[in-house]
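Visitor: The chain contents come next:
2 protein chains.
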Amino acid sequence: MPLDPKRTVAELKELRALTGDENGAWRVAWTDTWLKAREWYRGKLAELPVEVHQDAAGNIWATLAGESEKALLIGGHLDSVPGGGWLDGCLNVLAGLEVLRRIAEQYDGRPPVTVRLVDWADEEGARFGRSLMGSSAFSGTLEPEAEKDRTDKDGTRLEDALRRCGVEMDRMLEAQQEQKNAAAYLELHIEQGPVLLDIDLPLGAVLGTFGVERHAIRFFGQAAHSGSTPMDKRKDAFLAAAKMAPEIYAITDRNGGVCTLGSCVTRPGIVTSVVAECDLTLDQRHLDADALARMLFEAKKASQRFSREGGLPEPEWSTIWRIEPILFHPDLIEFCDQAIREVVGTSHRLPSGPLHDAAEVARAGIPTVMMFVQSLHGISHNKIEDTKEEHLELSVQALDRLADKTIDWIRQQS
Amino acid sequence: MPLDPKRTVAELKELRALTGDENGAWRVAWTDTWLKAREWYRGKLAELPVEVHQDAAGNIWATLAGESEKALLIGGHLDSVPGGGWLDGCLNVLAGLEVLRRIAEQYDGRPPVTVRLVDWADEEGARFGRSLMGSSAFSGTLEPEAEKDRTDKDGTRLEDALRRCGVEMDRMLEAQQEQKNAAAYLELHIEQGPVLLDIDLPLGAVLGTFGVERHAIRFFGQAAHSGSTPMDKRKDAFLAAAKMAPEIYAITDRNGGVCTLGSCVTRPGIVTSVVAECDLTLDQRHLDADALARMLFEAKKASQRFSREGGLPEPEWSTIWRIEPILFHPDLIEFCDQAIREVVGTSHRLPSGPLHDAAEVARAGIPTVMMFVQSLHGISHNKIEDTKEEHLELSVQALDRLADKTIDWIRQQS
Chain A
35 MPLDPKRTVA ELKELRALTG DENGAWRVAW TDTWLKAREW YRGKLAELPV
85 EVHQDAAGNI WATLAGESEK ALLIGGHLDS VPGGGWLDGC LNVLAGLEVL
135 RRIAEQYDGR PPVTVRLVDW ADEEGARFGR SLMGSSAFSG TLEPEAEKDR
185 TDKDGTRLED ALRRCGVEMD RMLEAQQEQK NAAAYLELHI EQGPVLLDID
235 LPLGAVLGTF GVERHAIRFF GQAAHSGSTP MDKRKDAFLA AAKMAPEIYA
285 ITDRNGGVCT LGSCVTRPGI VTSVVAECDL TLDQRHLDAD ALARMLFEAK
335 KASQRFSREG GLPEPEWSTI WRIEPILFHP DLIEFCDQAI REVVGTSHRL
385 PSGPLHDAAE VARAGIPTVM MFVQSLHGIS HNKIEDTKEE HLELSVQALD
435 RLADKTIDWI RQQS
Chain B
35 MPLDPKRTVA ELKELRALTG DENGAWRVAW TDTWLKAREW YRGKLAELPV
85 EVHQDAAGNI WATLAGESEK ALLIGGHLDS VPGGGWLDGC LNVLAGLEVL
135 RRIAEQYDGR PPVTVRLVDW ADEEGARFGR SLMGSSAFSG TLEPEAEKDR
185 TDKDGTRLED ALRRCGVEMD RMLEAQQEQK NAAAYLELHI EQGPVLLDID
235 LPLGAVLGTF GVERHAIRFF GQAAHSGSTP MDKRKDAFLA AAKMAPEIYA
285 ITDRNGGVCT LGSCVTRPGI VTSVVAECDL TLDQRHLDAD ALARMLFEAK
335 KASQRFSREG GLPEPEWSTI WRIEPILFHP DLIEFCDQAI REVVGTSHRL
385 PSGPLHDAAE VARAGIPTVM MFVQSLHGIS HNKIEDTKEE HLELSVQALD
435 RLADKTIDWI RQQS
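Chains A and B, in that order, give the protein sequences. If you want the working numbering, it's the 1-based position in the first sequence plus 34. If you want the working numbering, it's the 1-based position in the second sequence plus 34.
Isolated chain A, as found in the complex (with noise of 0.2 Å):
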């Protein structure tokens, strides 16, 4: 079977009709939807000489044994979000098959190193709020302990939907038996976001993903008539808070990196009072380590300031959630700079603002990198989530062609 990218799209939108509808994908962890998704790939995998196991994480791994044990893996995730877009993740998977299909045949079922792909579990966290949890087990740092009593939104626990798919989770850390013999990992994933539309390339190499500082501020005022209160005797909490909208974007203008105030509170919220509590939701992301403490640094330093000149006391800032930059392994950036400019004639490199089960990989030491197709409105998570199918071909090209770089790069190796 030579490579057959048609053949990828034609199977993308055979698992979008088993598995979705006018309302976009449905294939949530640990569901059914999900279970009929992973089964009708098993049947995909059964066509082909490989090994295929669910791991203690509950990962599905198929492996194409080669010369060398040394093993290249290729990664993606058939989850979704509810009422997802119909290529997050699944493309990944499916791509995967079809290179894992053209190695099987070029080198008669024998490649020169081992091929593995490997669809994650419950990338997204969907249902439980716990995302890239196949890939955090894999990589050592998921804390099944401390995640257990998660609940949906029916209360299900987390534990009981994943024994239900047979995961225990007392068990999930043996996943990390599955880094053995790894030497890289690859991942072409929908870009979610506009920069390759905006730049008007179909296809981009993956740098690393984003730190991230996730803090929620709240300023503190006094509340006071809106009509019997002179402007210069007011605590304005709602004021200080305001003033910290511009200058995120004067903090990434300075640093680069990306910062969003999502989410603002006022109390008691009412036309007639001044605003006595005002709180704020940041989430600043940055590829460097250092730019990104820095811009937390600034930011703090302003929310100070605008306090201080409303002759408001100290905001409180507290940590949501915060994860180092992941940067992904400067060879395979380069063979996918190359396997992109060899297919398109053009690459750009750029980070991904969000998180992808690569970074767990590469969290466990794994050389790694991303690829990005183009994402039509530039939007994600959503039913309308879109790619042109002739870009769609282009990635499973690419993502080939850094397959073929990355064995010959293992191969050296060893």
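Since the hints were derived computationally from the structure, they do not count as laboratory data.
Note that the list lumps identical chains together, so a pair holds whenever it fits in one copy or between two copies.
In silico DSS-like pairs for lysine-lysine, Cα to Cα no more than 30 Å straight-line:
#	residue 1	residue 2
1	LYS439	LYS422
2	LYS335	LYS267
3	LYS334	LYS267
4	LYS267	LYS422
5	LYS417	LYS267
6	LYS187	LYS417
7	LYS417	LYS47
8	LYS78	LYS417
None of these values were measured; they are calculated from a predicted model.
With chain A held as given, fit chain B onto it using these hints.
Guide: Just chain B now, kept in the frame of chain A:
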């Protein structure tokens, strides 16, 4: 009975003990506690040579007939918000009572002009959300048909609550009959703001009540992933809205008056998304109608400019409520100033941010003025509302002098 300001303070405390507790005053209009306060007040009136009746809107009038039918009105309100301050409203009624006593004695029950003390019904609108109820029936601006179906939080209808207190809504506007022969109206009130406190003066002459422009503003951005959307690709509704906060301070710097952004609501309002929609409430107040109109115009222009800067469509404005500025009578303001200077040496002229029954009386075309007494903490509608006893006593003396000057003025006009 010569004027005895200490008696007013004693009576205020008596009323507090009767109708309040450690959480403040509970004389909410149309409730038993309010009726109890009014019964107590009628007991005080019974000792005076006055005719007492409740008008069609529930206002209680005590009339000391004079040589002339031309009448000086003095008024306040016994009703309070739930857990309200001990002085708000009732200071006026009890100070007026003391002035009435003094006049009754001095002229042996027959002053040169008629003097009438009114206890307005439901100034606060605390239970049904319609403030200035009794005084707007008096002035004729109330539309009883439009208010009838209001309910309190327990579902009781306004109409039924009023009927229980002897008020038929269909007949409320007959209270306009009380305007007959009214020649002037005086109202003493706690300031409810910090102006007199800050300049350390006990009393001030009020120029009028602010006009109010109250609007909701909706900014339209676009939801986008906080990690994958570059800063220059964002349509951030919070950014445009937030720029309004410093802007309203600039607007009042240029125009005077006050502006408040009391509520900010963000949608989707999650940490990982750029804000797609942001709602603000704006409350603008000014004593000068032209300046108020200019403030509104400038705020609208600014909201359009900030939207344009952020690549957003025009924001949507909707009116919540508006009222024109109401100016008090220049002669009475002058008398008020004189009375204050005679009692405490120095006066100060200031506008009223909050509305008062006096605004409705002035709208009826009756020459009106208010006198403010300093509020500690600059606060009201709260159990901690307070005024120094010494200032309360001075306020009774100044009101008494103002009444005398106004009686002379009315007499000269006859």
